[in-house]
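Take a look at the letters that make up each chain.
2 protein chains.
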Amino acid sequence: MRSTQSLRNGDTPSPHPRIEDPHFHSTVSLQKLKRFNSLILVFRLATFCFSLASVVFTLTNSRGYGSLHWYDFDAFRYVFAANAIVSLYSLFEMAASVWEISRGATLFPEVLQVWFDFGHDQVFAYLLLSADSAGTALARTLNGGDTCRVSNAFCVQSYTAIALGFAGFLFLGLSSLLSGFRVVCFIINGSRFHF
Amino acid sequence: MRSTQSLRNGDTPSPHPRIEDPHFHSTVSLQKLKRFNSLILVFRLATFCFSLASVVFTLTNSRGYGSLHWYDFDAFRYVFAANAIVSLYSLFEMAASVWEISRGATLFPEVLQVWFDFGHDQVFAYLLLSADSAGTALARTLNGGDTCRVSNAFCVQSYTAIALGFAGFLFLGLSSLLSGFRVVCFIINGSRFHF
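Which chain is which? The protein sequence lines are E and L, in order. Counting from 1, one number per residue, gives the positions in the first sequence under full-length UniProt numbering. Counting from 1, one number per residue, gives the positions in the second sequence under full-length UniProt numbering.
Listed next, the stretches of chain E that the computed footprint assigns to chain L, with coverage defined by at least 3 CB atoms under 8 Å from CB atoms of chain L:
{"hint": "1", "stretch": "133-140"}
{"hint": "2", "stretch": "181-189"}
Estimated spans, in silico, between C-beta atoms of each pair:
{"hint": "3", "chain 1": "E", "residue 1": "V123", "chain 2": "L", "residue 2": "W115", "range": "20 to 26 Å"}
{"hint": "4", "chain 1": "L", "residue 1": "Y71", "chain 2": "E", "residue 2": "D74", "range": "22 to 28 Å"}
{"hint": "5", "chain 1": "L", "residue 1": "L107", "chain 2": "E", "residue 2": "K32", "range": "33 to 39 Å"}
{"hint": "6", "chain 1": "E", "residue 1": "L177", "chain 2": "L", "residue 2": "L88", "range": "23 to 29 Å"}
Selected chain E positions facing chain L (in silico; Cβ < 7 Å):
{"hint": "7", "residue": "D74"}
{"hint": "8", "residue": "Y126"}
{"hint": "9", "residue": "L129"}
{"hint": "10", "residue": "S130"}
Just so you know, the hints here were simulated from the structure itself, not pulled from any lab data. Note that the Cβ used here is the ideal one computed from N, Cα and C, for glycine as well.
Using the sequences plus the hints, can you model the full thing?
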């Protein structure tokens with residue numbers, strides 16, 4: 001699988017570069033990789049913003065001077081933990097993306113990087129979806145009970161935090177699609193250069 | 001990518017078959033594919049059994065002669081729907097697997113089949129995890145309230161149904177890994193024969 005890549009890199013440069021020239025192709029492919037990485041970076045940024053917002057909305061969700069706190073509910077604690085983990089992970093992945101775009105090399109060795117990204121995207125997407133679903137079920141139950149009659153703002157803020165978490169999940173899912181594509185490219189070409 | 005495969009198939013058979021002989025390799029590869037498909041079939045069967053059991057446990061979960069029914073709770077309806085969808089899907093996939101093992105050809109055209117399997121495995125795994133998480137959050141809330149004091153059997157049966165759903169998710173996730181592997185093989189070789 002690596003043979004195509006090394007052949008390409010090992011070719012002697014022709015004195016008159018044409019469209020089919022491997023070095024020309026390599027420049028185009030580098031630019032396309034940069035654009036692809038920028039798209040991943042945008043998705044990571046969106047995931048980070050939404051999950052961080054969800055963390056903030058959950059953390060500040062206490063009402064009634066000591067009577068109603070988010071941490072009294074298991075599912076809200078789960079929502080908080082999952083979103084906190086995802087926002088930290090997104091921050092790290094953003095740094096890795098910026099590193100890759102600016103230096104043209106991955107932070108970890110390439111094979112490790114593509115599998116690390118894809119694996120963590122998948123696991124954290126499952127985690128976030130699970131937490132947000134649990135949070136939704138609890139919020140809907142509270143909505144039918146006394147809690148929301150006592151403090152409607154608490155319920156509204158809970159819903160907002162969960163909705164932000166779902167938005168984070170959406171962008172994490174999109175990142176996961178792109179990092180899955182990178183894994184497939186790596187398996188085929190033996191490099192993350194896919195064009 | 002298809003060239004390797006077609007070259008292999010287009011070779012003239014040698015009069016003295018050796019280990020490296022393409023036709024010998026093809027038979028080995030066919031046997032390995034059969035074993036791989038049997039493993040998928042086992043996972044599908046496990047998914048089907050667990051999700052069907054979850055459906056049955058949810059459906060029969062009514063207590064107190066008209067006062068306590070599973071369908072009065074949103075999250076339990078979600079658990080029921082997700083498990084019912086997954087068990088129907090698993091039944092269909094089992095039929096497709098048996099067809100493939102017995103006839104040596106996929107039910108749909110090959111490219112459609114591998115993507116259909118992988119795509120649906122992924123989506124239904126997310127659906128099932130989401131439903132089971134929502135169900136867990138509700139069951140835990142009920143556990144702290146009056147419902148479980150009135151009828152403990154109702155809560156125990158809910159927990160059982162959800163646990164069965166999680167087991168179904170586990171096997172669906174494993175099937176998804178294998179069908180993802182088939183997709184990658186298909187992209188590399190242009191066929192689901194992977195060895």
